[in-house]
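Enquirer: Here is what each chain is made of, one letter per residue.
Protein chains: 2
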Amino acid sequence: MSVPEPINPPPRLLMGPGPITADPRVLRAMAAPLVGQFDPAMTHAMSETMALYRAVFYTSNEQTFLVDGTSRAGIEASLVSLIEPGDRVLVPVFGRFGHLLVEIAKRCAAEVHTIEVPWGEVFEPELIEAAVARVRPKVLAVVHGDTATTMRQPMSDLGEICRRYDALLYCDATATLGGNSFRTDAWGVDVVTAGLQKCLGGPSGSAPITISPRAVAVIDARKHIEEGIRDADDVERGTPIASNYLDLAQIMDYWGPRRLNHHTEATSMLYAARECARLLVEEGIEHAVARHELHGRAMLAGVTGLGLDVFGDVEHKMNNVVAVRIPDGVPDDKARAAMLADFGIEIGTSFGPLAGRVWRIGTMGYNARTDAVLVTLAALEQVLRGFGVSVTAGGGVAAAKDVYADA
Amino acid sequence: MSVPEPINPPPRLLMGPGPITADPRVLRAMAAPLVGQFDPAMTHAMSETMALYRAVFYTSNEQTFLVDGTSRAGIEASLVSLIEPGDRVLVPVFGRFGHLLVEIAKRCAAEVHTIEVPWGEVFEPELIEAAVARVRPKVLAVVHGDTATTMRQPMSDLGEICRRYDALLYCDATATLGGNSFRTDAWGVDVVTAGLQKCLGGPSGSAPITISPRAVAVIDARKHIEEGIRDADDVERGTPIASNYLDLAQIMDYWGPRRLNHHTEATSMLYAARECARLLVEEGIEHAVARHELHGRAMLAGVTGLGLDVFGDVEHKMNNVVAVRIPDGVPDDKARAAMLADFGIEIGTSFGPLAGRVWRIGTMGYNARTDAVLVTLAALEQVLRGFGVSVTAGGGVAAAKDVYADA
Numbered sequence: 001m002s003v004p005e006p007i008n009p010p011p012r013l014l015m016g017p018g019p020i021t022a023d024p025r026v027l028r029a030m031a032a033p034l035v036g037q038f039d040p041a042m043t044h045a046m047s048e049t050m051a052l053y054r055a056v057f058y059t060s061n062e063q064t065f066l067v068d069g070t071s072r073a074g075i076e077a078s079l080v081s082l083i084e085p086g087d088r089v090l091v092p093v094f095g096r097f098g099h100l101l102v103e104i105a106k107r108c109a110a111e112v113h114t115i116e117v118p119w120g121e122v123f124e125p126e127l128i129e130a131a132v133a134r135v136r137p138k139v140l141a142v143v144h145g146d147t148a149t150t151m152r153q154p155m156s157d158l159g160e161i162c163r164r165y166d167a168l169l170y171c172d173a174t175a176t177l178g179g180n181s182f183r184t185d186a187w188g189v190d191v192v193t194a195g196l197q198k199c200l201g202g203p204s205g206s207a208p209i210t211i212s213p214r215a216v217a218v219i220d221a222r223k224h225i226e227e228g229i230r231d232a233d234d235v236e237r238g239t240p241i242a243s244n245y246l247d248l249a250q251i252m253d254y255w256g257p258r259r260l261n262h263h264t265e266a267t268s269m270l271y272a273a274r275e276c277a278r279l280l281v282e283e284g285i286e287h288a289v290a291r292h293e294l295h296g297r298a299m300l301a302g303v304t305g306l307g308l309d310v311f312g313d314v315e316h317k318m319n320n321v322v323a324v325r326i327p328d329g330v331p332d333d334k335a336r337a338a339m340l341a342d343f344g345i346e347i348g349t350s351f352g353p354l355a356g357r358v359w360r361i362g363t364m365g366y367n368a369r370t371d372a373v374l375v376t377l378a379a380l381e382q383v384l385r386g387f388g389v390s391v392t393a394g395g396g397v398a399a400a401k402d403v404y405a406d407a
Numbered sequence: 001m002s003v004p005e006p007i008n009p010p011p012r013l014l015m016g017p018g019p020i021t022a023d024p025r026v027l028r029a030m031a032a033p034l035v036g037q038f039d040p041a042m043t044h045a046m047s048e049t050m051a052l053y054r055a056v057f058y059t060s061n062e063q064t065f066l067v068d069g070t071s072r073a074g075i076e077a078s079l080v081s082l083i084e085p086g087d088r089v090l091v092p093v094f095g096r097f098g099h100l101l102v103e104i105a106k107r108c109a110a111e112v113h114t115i116e117v118p119w120g121e122v123f124e125p126e127l128i129e130a131a132v133a134r135v136r137p138k139v140l141a142v143v144h145g146d147t148a149t150t151m152r153q154p155m156s157d158l159g160e161i162c163r164r165y166d167a168l169l170y171c172d173a174t175a176t177l178g179g180n181s182f183r184t185d186a187w188g189v190d191v192v193t194a195g196l197q198k199c200l201g202g203p204s205g206s207a208p209i210t211i212s213p214r215a216v217a218v219i220d221a222r223k224h225i226e227e228g229i230r231d232a233d234d235v236e237r238g239t240p241i242a243s244n245y246l247d248l249a250q251i252m253d254y255w256g257p258r259r260l261n262h263h264t265e266a267t268s269m270l271y272a273a274r275e276c277a278r279l280l281v282e283e284g285i286e287h288a289v290a291r292h293e294l295h296g297r298a299m300l301a302g303v304t305g306l307g308l309d310v311f312g313d314v315e316h317k318m319n320n321v322v323a324v325r326i327p328d329g330v331p332d333d334k335a336r337a338a339m340l341a342d343f344g345i346e347i348g349t350s351f352g353p354l355a356g357r358v359w360r361i362g363t364m365g366y367n368a369r370t371d372a373v374l375v376t377l378a379a380l381e382q383v384l385r386g387f388g389v390s391v392t393a394g395g396g397v398a399a400a401k402d403v404y405a406d407a
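Chains C and R are the protein sequences, given in the same order. Residue numbers for the first sequence follow UniProt numbering, so the first one is 1 and each next one is one higher. Residue numbers for the second sequence follow UniProt numbering, so the first one is 1 and each next one is one higher.
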């Protein structure tokens, strides 16, 4: 076959719902040379990464580490390791990623119960509590921020509710962690997972996770299918975890002091995940959240200033993404293609009922910054004008600048 | 918390059984900027990667792509997507990684049958055929090269045997692909998986896979748990695949022309996997295999020249790793620590019955080269001397040089 050239991607400013442009420092970290799996330098880097993510998750959970896969691998590792066949799982669905939790829980042979609100809304905690009281789930599985709708579910009451009804609380914080306040311990969340490709400013491919001691106990109780060669001090309890690759009991033994061989750690992705958290801790996590809040607010003001309508309950919007209704008569595909081809800027549409009806514009991670917001608004104005939309000339950039001036 | 410094790993020459030192060109490829998931540049890079791996696997299988995880993710994706609960699976076990196939197949609720030979041997095809005839498995799952023992199972007859008994043939080629001849189509292997961290010269974290049309048919027939939002033209057949993340039916729809959203592709790992295959195709795959054979032979001659004993059936040794018996009285841990601390070179021990009894020395990927072989032999001589072993002074390097002189 003919040999292609080395990879040479075009320059893009990724202002969609994620993945977003990675911080160049994170990409450079991945170019560091490899060390062996059990090299002291490797285990030291693993321990540092655990400590960094404890800070990012606001937790003291010893079991805080990385699952080797995309954010979806972290979700599935959590659910497959917690859920035994027939267990009841409750999922409050307020967007596409709630449906994903349902789908994964079904694959785990759970008895899945759902409650739903229309896309663009979130749940009152009372509604969730009533469902927990009715269903009595083993696991309440909640998405924190669903990029499909841009909504951010209030989480602070859910841990207390789960404890009252003896349920475990799982939260998918893929789209919010690092750009929105998240308090694992204070909120009583038992298992939280994320990905690098949103507010953490890295590439997809590593899933940070944190697990509370009571969730660890549930998972460890299920150890009992062992590889041919493994310590024999594990007792048979419960049904085995249906996955080997995503078996959190084994992965904890790999990251923990026993250092039992499991997969071969994806070292370059570990370097990336470590650098994402390191930069966040260096900036200060509250500073990073405030930065996302500021640039998210500027983008919201900007699209409003252009005369566009925003989708959903803005009071409960995530900091890092806004959904704007596509003006009548503007062809979604062509408009986004023009943003990409003419201006090198990517924005996204949404899924299901919102596909082709809204654009999702992100301001997260490395791209939660003034120039990225302003250039996106400037380009969007030109593209809309090109499709004959009557937009307020300069209105987007001016409105965003007003937000920055007041900050 | 105190903020650690950017990652700065010590220089290491990784001459164990893998992971090995990645080619700097592969590491640099990972530093390329990201593009969006459905950007034409991204889908083009995905298609190029598929074509490159078709060449590496010697296959015309359309379904040739990457699973986002380590090599173990590729193994589990294959087995969980092929196996329904109660299906019979036959695993010929000749080392640790055969046990891993057993373990994963059990997690898939398969009825697992095994045949075994002592570590250090491989199976005669007749032995495998007899077991296939007896068990009549749905899947025959075989490791090509088991680094635990360094043995390479002859594969060329197994496809024909499987066709005779209507079984699917899965092969784990993690440790061999790129450094040992592998002929997916000519050998009739239905599903093959690999990883980057061995002969492909990259970091762990991406699992190349190829799937024959008849295996695709088996997998596609199992589509029927769908995400809330997904095309509704899939029919209910068979039991659903027990994993979402490792569901090859969905992953094929993501890499295929439908481009259905599944996980967010780990773009930087894709860049790495593409570069690994690109370098291999540029070199010529047969040239790369011959290079592994040459340097593997030089290392074998070298350790023999030092006066060390080699473990196992050398006639069936993989090109890229040799197992040498640790001389009596030499403390495994301390000797390997001395190699690492004094010379910056990592070699490995093995698992189970061979733990602490053999060292596994690799010559693969970027490290299948003369200076890596000679410096390892020179350092090993010094370390053994330090532990009072009577080695042939200069015998290792001289014997390896003889091999190179004859080549």
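Careful, some of the hints might be misleading.
One copy or two, either will do: identical chains are not told apart, so a pair holds if it fits within one copy or between any two.
Here are the computed lysine to aspartate or glutamate pairs in the EDC-like style, where the Cα-Cα straight-line distance is at most 20 Å [said to hold, decoys possible]:
#1 K106 with E84
#2 K334 with D39
#3 K138 with D157
#4 K138 with D220
#5 K334 with E5
#6 K401 with E126
#7 K334 with D166
#8 K334 with D253
#9 K334 with E48
#10 K106 with D23
#11 K138 with D402
#12 K106 with E282
#13 K106 with D309
#14 K106 with E286
#15 K334 with E121
#16 K138 with E84
#17 K401 with D157
FYI, nobody ran anything at the bench for these hints, they're computed from the structure. The structure presented is a predicted model; accordingly, all values stated were derived computationally and were not measured.
Enquirer: Could you run down the list of hints and mark each one as holding or not?
Expert: Consistency of the hints with the structure:
{"no.": "1", "hint": "K106 with E84", "result": "both (11 Å within a copy, 16 Å between copies)"}
{"no.": "2", "hint": "K334 with D39", "result": "between (51 Å within a copy, 13 Å between copies)"}
{"no.": "3", "hint": "K138 with D157", "result": "within (17 Å within a copy, 50 Å between copies)"}
{"no.": "4", "hint": "K138 with D220", "result": "within (16 Å within a copy, 32 Å between copies)"}
{"no.": "5", "hint": "K334 with E5", "result": "neither (29 Å within a copy, 45 Å between copies)"}
{"no.": "6", "hint": "K401 with E126", "result": "neither (39 Å within a copy, 77 Å between copies)"}
{"no.": "7", "hint": "K334 with D166", "result": "neither (51 Å within a copy, 49 Å between copies)"}
{"no.": "8", "hint": "K334 with D253", "result": "neither (50 Å within a copy, 24 Å between copies)"}
{"no.": "9", "hint": "K334 with E48", "result": "neither (46 Å within a copy, 25 Å between copies)"}
{"no.": "10", "hint": "K106 with D23", "result": "neither (36 Å within a copy, 42 Å between copies)"}
{"no.": "11", "hint": "K138 with D402", "result": "neither (48 Å within a copy, 66 Å between copies)"}
{"no.": "12", "hint": "K106 with E282", "result": "neither (40 Å within a copy, 45 Å between copies)"}
{"no.": "13", "hint": "K106 with D309", "result": "neither (37 Å within a copy, 53 Å between copies)"}
{"no.": "14", "hint": "K106 with E286", "result": "neither (36 Å within a copy, 46 Å between copies)"}
{"no.": "15", "hint": "K334 with E121", "result": "neither (29 Å within a copy, 61 Å between copies)"}
{"no.": "16", "hint": "K138 with E84", "result": "within (10 Å within a copy, 26 Å between copies)"}
{"no.": "17", "hint": "K401 with D157", "result": "neither (36 Å within a copy, 70 Å between copies)"}
Violated hints, in rising order: 5, 6, 7, 8, 9, 10, 11, 12, 13, 14, 15 and 17; the structure is consistent with all others.
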